[in-house]
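Q: Okay, here's what each chain looks like letter by letter:
There are 2 protein chains.
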Amino acid sequence: MTKVQATNITWHHGHVCREDREKLLGQKGVTVWLTGLSASGKSTIAYTLEHALMERGHLAYVLDGDNIRHGLNKNLGFSPEDREENIRRIGEVAKLFTDAGAITITSFISPYKGDRDKVRELMAPGDFIEVYVECPVDVCSERDPKGLYKKAMAGEIKNFTGVNAPYETPDKPELVIHSDTCSVQEAAVQLLELLEKAGKIPAPKE
Amino acid sequence: MTKVQATNITWHHGHVCREDREKLLGQKGVTVWLTGLSASGKSTIAYTLEHALMERGHLAYVLDGDNIRHGLNKNLGFSPEDREENIRRIGEVAKLFTDAGAITITSFISPYKGDRDKVRELMAPGDFIEVYVECPVDVCSERDPKGLYKKAMAGEIKNFTGVNAPYETPDKPELVIHSDTCSVQEAAVQLLELLEKAGKIPAPKE
Numbered sequence: 083m084t085k086v087q088a089t090n091i092t093w094h095h096g097h098v099c100r101e102d103r104e105k106l107l108g109q110k111g112v113t114v115w116l117t118g119l120s121a122s123g124k125s126t127i128a129y130t131l132e133h134a135l136m137e138r139g140h141l142a143y144v145l146d147g148d149n150i151r152h153g154l155n156k157n158l159g160f161s162p163e164d165r166e167e168n169i170r171r172i173g174e175v176a177k178l179f180t181d182a183g184a185i186t187i188t189s190f191i192s193p194y195k196g197d198r199d200k201v202r203e204l205m206a207p208g209d210f211i212e213v214y215v216e217c218p219v220d221v222c223s224e225r226d227p228k229g230l231y232k233k234a235m236a237g238e239i240k241n242f243t244g245v246n247a248p249y250e251t252p253d254k255p256e257l258v259i260h261s262d263t264c265s266v267q268e269a270a271v272q273l274l275e276l277l278e279k280a281g282k283i284p285a286p287k288e
Numbered sequence: 083m084t085k086v087q088a089t090n091i092t093w094h095h096g097h098v099c100r101e102d103r104e105k106l107l108g109q110k111g112v113t114v115w116l117t118g119l120s121a122s123g124k125s126t127i128a129y130t131l132e133h134a135l136m137e138r139g140h141l142a143y144v145l146d147g148d149n150i151r152h153g154l155n156k157n158l159g160f161s162p163e164d165r166e167e168n169i170r171r172i173g174e175v176a177k178l179f180t181d182a183g184a185i186t187i188t189s190f191i192s193p194y195k196g197d198r199d200k201v202r203e204l205m206a207p208g209d210f211i212e213v214y215v216e217c218p219v220d221v222c223s224e225r226d227p228k229g230l231y232k233k234a235m236a237g238e239i240k241n242f243t244g245v246n247a248p249y250e251t252p253d254k255p256e257l258v259i260h261s262d263t264c265s266v267q268e269a270a271v272q273l274l275e276l277l278e279k280a281g282k283i284p285a286p287k288e
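From first to last, the protein sequence lines stand for chains U and Z. 83 is the number of the first residue of the first sequence in the working numbering; add one for each residue after it. 83 is the number of the first residue of the second sequence in the working numbering; add one for each residue after it.
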């Protein structure tokens, strides 16, 4: 018991509140949900925003295909049911990260309005910021960094969003980024300003 | 462009490293995996550790039945396959939180050695700290805060760990907490010391 007293800790058994974690981190938990076509620039915007937040001392975390499809969702395919379950699980994980106080940035095509709306409903009001990364399909298919559009147009990939599967445009996203005309830096600045206005991060010190 | 320049940010497109987040947080990411019978004291230890870490300025997050079974894993039951998938998903989420730099504390019975070992294999060496919360089943069944042992012994609950389903004791856990003789505060101190020795958190300032 001497050892215990020596730590000089007030012992609690209940949960630490989300507010406690947010105070520690100097920010408020939120999910920035980027949605848009393949090659529209979602991931580049996500990583750029993550870096900008880190430079301002904020904890951000990106959920994307790299850490989700090869991990949590590696037992899911691309059937309609599996696509829905894919987005559902990502939404639940984003909710946990948001509750932990992190600025959570998700980068998934997430083509179906219903699936995105379910994630929004899962979260407390203000916790879900939907960002439509808009880019004409012909611009995306010209970029085509992984050659996926080429394969889809040749019929080698089925159910490829924008080619032979639909993308359902968000009705009321919190932000639309026109990534064909807006630079990635400008996009990140728009997102930082949105997070400031929403009270998730403080304005930078001059 | 004036607006962009005014933010005075160095723009990066690549991933922020785990090390960057850990430096920001002043700690190293880790998963403290508590395993043991129902009513062995896992959750009380988890919340007490979380509070103690918070008081020392560390970001910790508890994954438990409350935020997992009603969320991410609400579409899983208690069949052998579903129990395995339950632990697999929790392991993947814990891995993400660990990568984010958080001290992740999981509180699940997780009765099967094979399932726990798979989570350990998922993570980098040193990222997974297995803690066996050992308590004789008769002590647990006397505590029985939710009346579950009573129901299981009456045959009303099938596959209840310790009564009519096995608990596989960890072979080489990083720590064994004898929760029948050790107070929850002593348990938390043992865990804090373990995290200090593992270099996950600095020793407290005198």
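Hints in this document: simulated from the structure, not taken from any laboratory. It is possible that some hints are incorrect.
Claimed, not checked - What follows is a set of in silico ranges between Cβ atoms, one per label pair, in the way DEER data are often shown: (1) 97(U) to 221(Z): 37 to 43 Å; (2) 253(Z) to 218(U): 53 to 59 Å; (3) 208(U) to 278(Z): 33 to 39 Å; (4) 101(Z) to 260(U): 52 to 58 Å; (5) 228(Z) to 218(U): 52 to 58 Å.
Every residue, glycine too, gets a C-beta built ideally from N, C-alpha and C.
Q: Against this structure, judge whether each hint is valid.
A: Hints versus structure:
One distance hint, 37 to 43 Å for the beta-carbon pair residue 97(U) and residue 221(Z), is violated here, with the actual separation near 25 Å. Between residue 253(Z) and residue 218(U), the C-beta spacing of about 58 Å keeps the proposed range 53 to 59 Å intact. Roughly 37 Å separates the CB atoms of residue 208(U) and residue 278(Z), a value that falls within the hinted 33 to 39 Å. For residue 101(Z) paired with residue 260(U), a C-beta distance near 35 Å fails the hint of 52 to 58 Å.
A C-beta distance of roughly 56 Å is found between residue 228(Z) and residue 218(U), which places it inside the suggested range of 52 to 58 Å.
The structure is inconsistent with the numbered hints 1 and 4, although it conforms to all the rest.
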